[in-house]
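> Here is how the chains run, residue by residue.
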Amino acid sequence: MRDSFRRAYGAEPLHLLVALATLAFAGFGFVTAAARPDRLAFLLWFGGAVIGHDLVLFWLYAAVRRGLERTGRRLGPGGRERAMRAINHLTVPAFVSALLLLVWFPLIFGLGAPVYERRAGIPLDPDLYLGRWLLVTAALFSGSAVVYLARLRRA
Amino acid sequence: MRVNRLSRALRSAEDARRPPLPDPPEVGPFRRDAWRSPLRGPWLSSVLSVALLVLLGIVVLTGFLSHAAYDPGLGQNATSDALKGLYFFAWPTDPSWLYALTQGLHVVCGLAAIPVLLAKLWAVIPKLYERPAVASISHGLERLSLALLVGSSLFLVATGVLNIQYWYAGLGFNFTPVHYAAALVFVGVLVLHVVLKLPIVASALTDDGVLRPLRAGRRETRAPALERSLSVATQPAEATISRRGFLGAVGLGSVTLAGLAAGQSLVGGYLRETALLAPRGRALGTGPNDFPVNQTARAAGITPALTGADWRLTVHGRRRLVLSRDELLSLPLSTHRLPIGCVEGWSTLEAWTGVPLHGLAELAGARDSEELVVESIERGSPYGRVSLSRGKLVDSRSLLALRVNGADLSPDHGYPARIIVPALPGVHNTKWVRALTFRVA
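Residue numbers (our numbering), protein chains in the order written: chain A, 1 to 155; chain B, 1 to 441.
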């Protein structure tokens, strides 16, 4: 009995019970959102969230990273070791800077400015957050360069 | 070990797998040898999972607490009716910074989770292309739950991040109820994911040691044994970064994101200006009314005519009172330093002066009132009419505030009168109050 269930389902009965209970609860949440009049925007957003990273964003940053590695490899065996290390001192601050941009791009590019100004009652100077992001980026690369130099001296 | 027994019971039976669907062709990312990073494997996935579980655990808990703080069981307070029965307890007023803390944590931990979430997706992405795509019904259910898990977590993070930046045009739906509903999806599939993967995480951290893989530098970094996970590279390339370097970069991302925003959640002090990349970390000046507002009078449609000399506060209880601002100022007043914690994660601590709500209840002959309904001049807002539970009325620090930091409230801060209740979400501290109804049996 149990074996035939395993053959048909692919796992123990407990697996099915837990899966059905949790998926039903998740389905309840999904239907709660999908039953609203603004469901179209929700469904587009949710669908975008399911595929947006795995099928788009991942491949973009994977391509950038691969390009950098290829450049490093072309430097030949002598410079290679140093190049490998240098690449990380570029990609790590670039990663953090890109993260900040990814999270705060509406603020950095002033996309929500009309609402922000009405709600907060203070002007959103278009260059304020762009400038701050560039300064933080400069600080990140400078910090990385300092660590890189320190490691070169020690080596 | 109990975990192992559970693991055996829950594990998909490999021998029972038969493909019910045709497989994708073995090209591109569907070829297992296309995935080359030696970093991927059960240890890396597990470490990221634990970090993510802690951060998102805080985010989920504080998120549902935020819903509870609105006392959704009262009046029209609920922004979503889903699971309204769960919120059976009245939100407390003590400590006064409770909501500023929980909501600050919600936003800061949510930001800190973003790099960890991205790293986790990177670590397990070969499994997205696993073949057979669906090996059995159980495997299909697991993959469906993973799609919902990835979708709901990215959805929650992305919509939360856009909401605190006021980019509603990019959202296109009413944020609060939809964010809440998506959180229900997330919690459901997260429970399944944790139950299924906890044994794998436990054995990965036992086999490899929690910290041991961090010792290897870049040149000593090797791929784990092939059979341990589908995420392990079959033909690993040379590592371009060590595992500790990878996790260090992720951690630096989390600390930077959270660190450049956390200042806006502090109720006072100069540290506030460390919030360089956060919507509400900006210094506003030194005047008594120079602190952030969730919404200006102009945005709320409040005109000077509505709040001028003709403004009256109507108080309903067993008696009905109509009071001018001068009459309110002649009543016994109290001053308390209380924070306003905004649902968007920022907060501010100010000294408020006003008539205690219990004093007004007494004047209206409604000391025993169970619920106070507050109505604002503001129209068309979901928060134009809110209900406060009895616990808020009897707290002596709960005020109908008329002044702040020794000056009259500015129009943006709710002139002529606003509600200030300790630990209450900012939007329930109603501004531009026009009527108070003390409900009595």
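Hints are supplied without guarantee of correctness; some may be wrong.
[As the list claims (entries may be wrong)] From the structure, some residues in chain B lie toward chain A, with a derived Cβ separation under 7 Å: (1) Gln76; (2) Gln165; (3) Tyr166; (4) Val191; (5) Val194; (6) Leu198.
[Said to hold, decoys possible] So these bits of chain A aren't anywhere near chain B, every CB distance computed over 12 Å: (7) Met1; (8) Gly52; (9) Arg65; (10) Pro114; (11) Val136; (12) Ala145; (13) Val146; (14) Leu152; (15) Arg153.
Hints in this document: simulated from the structure, not taken from any laboratory.
Ideal Cβ positions, reconstructed from N, Cα and C, are used throughout, including at glycine.
> Of all the hints given earlier, name the ones this structure violates by number, lowest first.
Numbers 1, 5, 6, 8, 9, 10, 11 - these are the hints that the structure violates, sorted from lowest upward.
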